[in-house]
Amino acid sequence: MSWFKRIKEGITTSTKEKKETPEGLWYKCVKCKKICPTNEHVLNLYVCPHCNYHERIGSAEYFEVIFDNNEYVELDPNLSSGDPLEFTDTKNYKSRIVESQKKSGLKDALRSAHGVVDGRDLVVCCMDFGFIGGSMGSVVGEKIARAIDYCLQKKIPLMIISKSGGARMMEAAYSLMQMAKTSAKLALLSQAGIPYISLLTDPTTGGVTASYAMLGDLNIGEPGALIGFAGPRVVKETIGKDLPKGFQTSEFVLEHGFLDKIVSRKDLKPTLSRLLEMFQS
Amino acid sequence: MNYLDFEKPIAELIEQKEKMANAAQKSGVDVTKTLEELDGKIADKRKEIFGKLTPWQRVQVSRHPDRPYTLAYIEALTAGSFIELHGDRTVKDDKAMVGGLGLIDGHTVMLIGQQKGNNTKMRQYRNFGMPNPEGYRKALRLMKMAEKFNKPIITFIDTPGAYPGLEAEERGQGEAIARNLLEMSKLRVPVICIVIGEGASGGALGIGIGDRVLMLENTWYSVISPESCSSILWRSWNEKERAAEALKLTPEDMKQHGLVDGIIPEPLGGAHTSPEEIFATVKAEILKHLGELSPVNADERITRRIDKFCKMGVVVEG
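Line order of the protein sequences matches chains A and B. First residue of the first sequence? That's 1 in our numbering, and the numbers climb one at a time after it. First residue of the second sequence? That's 1001 in our numbering, and the numbers climb one at a time after it.
Hints were generated in silico from the structure; no laboratory data involved. Misleading hints may appear alongside valid ones.
[What the hints assert, rightly or not] Derived pair list, reagent style EDC-like, types lysine to aspartate or glutamate, alpha-carbon separation capped at 16 Å:
hint	chain 1	residue 1	chain 2	residue 2
1	A	LYS236	B	GLU1167
2	A	LYS91	B	GLU1239
3	A	LYS241	B	GLU1167
Start from the sequences, fold in the hints, and give me the full structure.
So this is what it looks like as structure tokens:
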């Protein structure tokens, strides 16, 4: 009857004694599905060492990548969105804002900061996709406008890092007018001869592409980023055909003449530094 | 004449009147009095319906197939003096964006606008009023020309949006619109923008940076069409009425929020019921605003224009 009798003892480790693998020790690339240690991924500036996929990162990470010693002064950190239209869809806009603020720890979809890049001053406005899809509303527009005023006053170059699905629908025409507002301010910056570098990251679409993202003295793309005016789904519906491979990627946009350069994240700071040096010497 | 669904009661009365007039002509009976009565009824019904249009109905009127489009305004305003100019000097001539020089009461002006078609064939020819990048670049080329020769610019906005096609993306739709926003904000000549139909998003704004931005009474202007807004926020096409309300896209709402400068009244029942009347009103408005803008020094005018757009937005500090 040895068939029914367990001769060898089974696994008897109690749950308490089991060794846990710490959460987040490994990073799995969403593109190539290969894994690498998380700390290596972070040291590699959130870029997959296997396939060069640039993970989406937020303003805190970009500031760390760009500014010397991660030191910077945040400009207008306390602006948050009003609800001028008392907008309600399936949820009301006010509670959406509060919820997003809690979830992301951010006030809105853009932070601006003044710091130093290899000893040279730079103001960086960086969008956060984690806040309502990086959508552009009054706060984004106002912060950019104020950052430009700051640059004009102190004669400091400006960089805007775009990462956005476009205008924020819940602010309707107000968000539309942020396109006008930011572009008008950039006209003043341009007239003052102060350099403006636009970095387009994944994704940059809609009203953001159709305003400040495309207006840089230099338009720089991150590798593989989605960059376009209409979203790929809308374009596909319009033409009723599948989209060509690589459509609306940074490489596609560069090929069609709308980007000056594609720069990997690890080369971002050295490139910026050299450009700032050449603009200012 | 085409009638919208909510205009049915008016259409019925008009039909009744026409039948009676026809019958009277055949039989020779004098029905003048009854016809006058019917005219009164029609006017009352119009007042009743158009006095309380919902935002969605306003959107419907703005798209009325009989509504005058840009070239109709231009022809009427310039009394036959208009010379259309074509092409962006780079790719091609965009038929969804028209422009050229004309005289309004002896003043040379540059007139530019999105153009829709009046029938199926023309609608296709005009790409339903949806410009490609070359349309925005043609508009900018003409604006720069106007600036060079110191002529004021009038733009007519009537578009369901910039064309979201494959070639449009290849040729930089986003860049074309962005460039116009930047360049228009520093044009040294007076710029008046008038929404005569649909003002949809960046496609509208691309010719919409002016010293004066005016809306006709039965038009809308917003970041997205009510249908698309409904499909994105409610995940269904059926909430367009609610979306139209939520977007606050009517001229009254836009004026109240300081996002446009003025509203131009339309004849009762919409611009298409009496084109001559609306052309005259628009002409008077243009002349009035040009009169106010022309004496202002160019630098001062640009500062005011930029300041106006920079004030738009509601943020909470703290």
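Hint by hint, here is what the structure shows:
Note on A/LYS236 and B/GLU1167: the hinted pairing holds, with a Cα-Cα distance of about 12 Å set against a maximum of 16 Å. Taken as a hint, the A/LYS91 and B/GLU1239 pair is honoured in the structure, with Cα atoms around 14 Å apart against an allowance of 16 Å. Distance hint between A/LYS241 and B/GLU1167 is fulfilled; the C-alpha atoms sit about 13 Å from each other, no more than 16 Å.
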